[in-house]
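*Asks:* Spelled out from the first residue to the last, the chains are:
2 protein chains.
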Amino acid sequence: MVTIKDVARRAGVSITTVSHVINQTRTVSGPLRDQVLQAMQELGYRPNTLARGLRRGETSTIGLVIPDNSNPYFAELARLIEDQGFNHGYSVILCNTDDNPVKERTYIEALLAKQVDGILFIPTGKQTQPLAELIHPQVPVVVLDREAPDLDAPVVLADNVNGGLEAVRYLLALGHRRIACITGPKTLAASLGRLTGYRQALEEAGIAVQEAWIQPGNFRVQGGEEAMRQLLTLDPPPTAVFACNDVMAIGALRAVRTAGLTVPGDISIVGYDDIEIASAVIPALTTMAQPVTEMARQAVEQLLGLIHAEGQPAARPERTLLPARLVVRDSCQRISS
Amino acid sequence: MVTIKDVARRAGVSITTVSHVINQTRTVSGPLRDQVLQAMQELGYRPNTLARGLRRGETSTIGLVIPDNSNPYFAELARLIEDQGFNHGYSVILCNTDDNPVKERTYIEALLAKQVDGILFIPTGKQTQPLAELIHPQVPVVVLDREAPDLDAPVVLADNVNGGLEAVRYLLALGHRRIACITGPKTLAASLGRLTGYRQALEEAGIAVQEAWIQPGNFRVQGGEEAMRQLLTLDPPPTAVFACNDVMAIGALRAVRTAGLTVPGDISIVGYDDIEIASAVIPALTTMAQPVTEMARQAVEQLLGLIHAEGQPAARPERTLLPARLVVRDSCQRISS
DNA sequence: GCAGTTTTGGCAAACGATTGCTGTAAATAA
DNA sequence: TTATTTACAGCAATCGTTTGCCAAAACTGC
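Protein sequence lines correspond, in order, to chains A and B.
Per this note's numbering, residue 1 is the first one in the first sequence, and the count goes up by one each step.
Per this note's numbering, residue 1 is the first one in the second sequence, and the count goes up by one each step.
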């Protein structure tokens, strides 16, 4: 490894001077600076960020703690976050918790040990208290996508309630009255929020929700298919379905087709997330697009804000709710009868 | 921050001793060790890996340089790699190059500056020469998924030629003779290899390839749809299609349906990649599954091998070819006529 | 009891940078 | 000419660890 010392020797100056030309932190006379630059060039010198970090107390690295980056939604989020980080000169360390609190804790500890400048955190569950103590005075954190009440950190959330509300309002506007809902895991706030939106929309419209309309799914294709099969046994069956994510919507599509019915002819379906494949299935899926880009931007910006405000008055942590956007495609139809 | 010095003071010992109990690097008498452990406990001490890394010349961190982790294939790969890393005690820094050589270079430099212990690298293009100089003596590298001839590092590849071969052999075995191929970008080795396999299979079977059977796609839904539309205009049209990835296969599915024909009734389709959605579309897609798990495992293992062999004889870099696996679902049928 | 061995634990020098303090030479002012 | 300011660079301490070397204490065997 070529160090600052080598550069100094080669340029015939002190390491102090080399350091100062690297960081432009004080004036160095023209000729000397040129010598230094040339020496750096010739030796292919690259400052050791470990040493620098140790001294400066910062690493230009943030941790991204995420349930599973192979899930398309999180993949997209991770991608955008990494992008934002890159643009601001930060590297990101990727951590997949698998929604496992033990891994989550292990990762956080590792990140702290690595002296990351900040952590972007999608919590696995509700037991955020132990993490709070762990994290608190140590490092800035921004919570993303899910609530973490104990953490008193800024939170950036997608507005699932309003998303569900809008989706169902859309179906209502098409004249549907018997609207079912395929939910996700009861433990996930995303799923719960969307369900709440569903209920609110029906309530607004003065429609009494029938509990049989609400089928539990699991956010996976299978679950959506199964749930839809159940819904088709109802009498009368719903004319429209709000699936709490696209993957289940695709499962539902499948079930409808298998039953010899068509979408949107017999049943309208709206999904949630706008994953890439949503536009490719037949019929192309009408769905609620998550504000991923905006979420990533906000999250990174807030985190960098905290990092740079280190040791400041510490404003009350913000809570940012970002709206989902309805993407109309071909899976919904005005009701005929 | 609580440092080793604080722990030493609290335990009433030297920092040397603390260090040794942390690393179990020499025997420390029972009582003293207990005091140290307790002090660490009470203070919530966590070793600063920057300082440690600086001293030890290692960081337990590897860089993952990948075109785009929001692409499902790379997402899966990234996930598995991160997993493997975690299991071996390594963190991974995520770098999305977007297939942009400039970003690629910037990232590699950043990783070198960060003193990563190794780099897992999916190269963007063919100009790997400048990178070779950059990387070479500095850090172990394993190249993944694409060739990088200048790099003299181990390479872990999916065997696209054999994959294409198998896919088409399967169609041949079902009795098909007029088999088309929807290719990907001509610049990607993956696409080229699969096409080669396609040609080989037909040759093996003594079938002359008609150039009109080979339709250029772009690895996206649109491209697949378009290509399929073209194929359907042929007279006679092919009875089977090998799409060089699943996304295009889905596009092709769409085109067939739009033309009023059915899969696999009129046309059999086999895709490539086995992305998650492949099993969810209708009909479920028969496809070649990439050996992602194995690739991730091999890549990480080889990288760790290099890392630990640092300064050794340096065996000739290996070239690992991993076979794709045929996943039979519902999109192919024995030819009737 | 004593030399020789084994345990045990501390001192201080690294690792590669940054930065407060200080010192010299040149430029300016008087 | 001398005093004062300014511009420029270097010394050495520091960040938090690890680790080679040494010294004291505790054993051992005779």
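In case anyone wonders, no lab produced these hints; they're calculated from the structure.
Among the clues, some could well be false.
A few chain A residues that face chain B, going by a derived Cβ cut-off under 10 Å, partial list only [claimed, not checked]:
1) M1
2) Q38
3) Q41
4) G44
5) R52
6) G53
7) G57
8) L64
9) P72
10) A110
11) R254
12) A259
13) G260
14) L261
15) R329
Chain A side only, calculated, beta carbon under 10 Å to chain B, not exhaustive [what the hints assert, rightly or not]:
16) S60
17) V221
18) D235
All C-beta atoms, glycine included, are put in the ideal place defined by N, C-alpha and C.
*Asks:* A separate judgement is required for each hint: does it hold in the structure or not?
*Replies:* Tested hints:
Interface restraint check for A:M1: the shortest CB-CB distance to chain B comes to about 8 Å, inside 10 Å, so the restraint holds. Taken as an interface hint, A:Q38 does not check out: its beta carbon lies about 19 Å from the nearest beta carbon of chain B, beyond 10 Å. Because the closest C-beta pair between A:Q41 and chain B is about 14 Å apart, greater than 10 Å, the hint is violated. At its closest, the beta carbon of A:G44 sits 8 Å from a beta carbon of chain B; the interface hint therefore holds under the 10 Å criterion.
Restraint check, A:R52 versus chain B: the minimum CB separation of about 9 Å is within 10 Å; hint holds. Annotation: interface hint on A:G53 holds; nearest CB of chain B at approximately 5 Å, less than 10 Å. Interface hint status for A:G57: upheld, as the beta-carbon distance to the closest one in chain B is roughly 8 Å, under 10 Å. Against a cut-off of 10 Å between C-beta atoms, the interface hint on A:L64 holds, since the closest Cβ of chain B lies about 8 Å away.
Taking 10 Å as the C-beta contact cut-off toward chain B, the hint placing A:P72 at the interface holds, the least distance being around 7 Å. The interface hint given for A:A110 holds, since its Cβ lies 6 Å from the closest Cβ of chain B, which is under the 10 Å cut-off. Interface restraint check for A:R254: the shortest CB-CB distance to chain B comes to about 6 Å, inside 10 Å, so the restraint holds. Proximity of A:A259 to chain B is violated relative to the hint, the smallest CB-CB distance being about 12 Å (cut-off 10 Å).
Proximity of A:G260 to chain B is violated relative to the hint, the smallest CB-CB distance being about 13 Å (cut-off 10 Å). For A:L261, the shortest C-beta to C-beta distance to chain B is roughly 13 Å, which exceeds 10 Å, and the interface hint is violated. A least Cβ separation of about 13 Å between A:R329 and chain B goes past the 10 Å threshold, and the interface hint is therefore violated. Nearest Cβ of chain B to the Cβ of A:S60: about 9 Å, under the 10 Å cut. The hint holds.
The interface hint given for A:V221 holds, since its Cβ lies 4 Å from the closest Cβ of chain B, which is under the 10 Å cut-off. Restraint check, A:D235 versus chain B: the minimum CB separation of about 26 Å is more than 10 Å; hint violated.
In terms of the numbered hints stated before, the structure departs from hints 2, 3, 12, 13, 14, 15 and 18, listed from lowest to highest.
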